[in-house]
Amino acid sequence: MSIEIKNVTRRFGDTLALDNISLELGENKIYGLLGNNGAGKSTLLNIITDRLPASSGSVLLDGANVCGNDAALGKMFLVGEANMFPDDMRVKSALNAAAMFYPGFDRAYAEHVAAQFGLPLKKKITALSTGYGSIFRLVLGLSVNTQWVFFDEPVLGLDAQHRDLFYRLLLEKYASDPCSVVVSTHLIAEIANLIEETVIIGNGRILQQGATEDLLAAAYTVSGPAAAVEAYASGRERISENLLGGLKTVCLRGTPDDSLPEGLEVGKLNLQDYFINLMEEEIRK
Numbered sequence: 004m005s006i007e008i009k010n011v012t013r014r015f016g017d018t019l020a021l022d023n024i025s026l027e028l029g030e031n032k033i034y035g036l037l038g039n040n041g042a043g044k045s046t047l048l049n050i051i052t053d054r055l056p057a058s059s060g061s062v063l064l065d066g067a068n069v070c071g072n073d074a075a076l077g078k079m080f081l082v083g084e085a086n087m088f089p090d091d092m093r094v095k096s097a098l099n100a101a102a103m104f105y106p107g108f109d110r111a112y113a114e115h116v117a118a119q120f121g122l123p124l125k126k127k128i129t130a131l132s133t134g135y136g137s138i139f140r141l142v143l144g145l146s147v148n149t150q151w152v153f154f155d156e157p158v159l160g161l162d163a164q165h166r167d168l169f170y171r172l173l174l175e176k177y178a179s180d181p182c183s184v185v186v187s188t189h190l191i192a193e194i195a196n197l198i199e200e201t202v203i204i205g206n207g208r209i210l211q212q213g214a215t216e217d218l219l220a221a222a223y224t225v226s227g228p229a230a231a232v233e234a235y236a237s238g239r240e241r242i243s244e245n246l247l248g249g250l251k252t253v254c255l256r257g258t259p260d261d262s263l264p265e266g267l268e269v270g271k272l273n274l275q276d277y278f279i280n281l282m283e284e285e286i287r288k
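Numbered according to my numbering, the sequence shown terminates at residue 288, and the numbering increases by one at each position without gaps.
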């Protein structure tokens, strides 16, 4: 089972939000969709789930176009900022409605998760705070049991305790009932250990994609006296560089040599550092 995004472009007037994006998402993996504000992450997720039409291109689920395809769309669920329920509906009624529209929705589990977050079931959805509005949508996403779940900035307005609870519940749910999960987030350091596959988007284009472990293994940093670092980095592909006084750090593609000149240190990148360095490289282009 896979989702294929084929040559998808989306324009909003003169603004090019997505620029001929092609991407394939496989089954039973946790993906991280990473990018700065305005990179096109939300637009892409809304097109995948048919909440927004593409200007050109197509999205296929198991070879079938998702546009207007109720069978395909019933296998996907998007947790976004938009409230898809009537303004006067209460949380408990919304859970009942979700159970009607999604046959796999686990009503008992939803109430169990809501209790862990302290989500008031009798309150109107529109009366919830920003944080509890996010929690309400997380409860739906964790309980819906579709084959594909997309989380767009899922922890917006949540405190550290509730963010940690969401990450733990997501892992538990994934371990007990594997599905395909795509998480779009700015909080890269918090979710890095969950992400099996990483997709980095910038200015409407896919900049990097692949197994997170492989991406991080394909870059490294070298630090030390500026002249020595510069001599080592000469002729190598640079991602970014920083100079502080007489010390320099360069991020390079590839793998380090077995032995380095004396005085230089090699460092590994975590996912957040990799993302930041890649964004710096894009700015310089």
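No lab work stands behind these hints: they were computed from the structure.
A few of these clues could be false.
Claimed, not checked - Straight line, CA to CA, 27 Å or less: simulated DSS-like cross-link-like pairs of lysine-lysine:
hint	residue 1	residue 2
1	Lys-95	Lys-32
2	Lys-32	Lys-176
3	Lys-9	Lys-95
4	Lys-32	Lys-9
5	Lys-127	Lys-95
6	Lys-78	Lys-176
7	Lys-95	Lys-126
8	Lys-271	Lys-32
9	Lys-176	Lys-95
10	Lys-32	Lys-78
11	Lys-125	Lys-95
12	Lys-95	Lys-78
Unchecked claim - Estimated spans, in silico, between C-beta atoms of each pair:
hint	residue 1	residue 2	range
13	Tyr-112	Asn-68	27 to 33 Å
14	Gly-29	Asp-90	46 to 52 Å
15	Ile-279	Tyr-112	36 to 42 Å
16	Ser-179	Phe-104	51 to 57 Å
17	Glu-233	Asn-273	20 to 26 Å
All values derive from a computational prediction rather than experimental measurement.
Think of the CB as a built atom: it goes at the ideal place given N, C-alpha and C, for glycine as much as any other residue.
| message | Flag every earlier hint the structure violates by its number, smallest first. | response | 1, 3, 14 and 16
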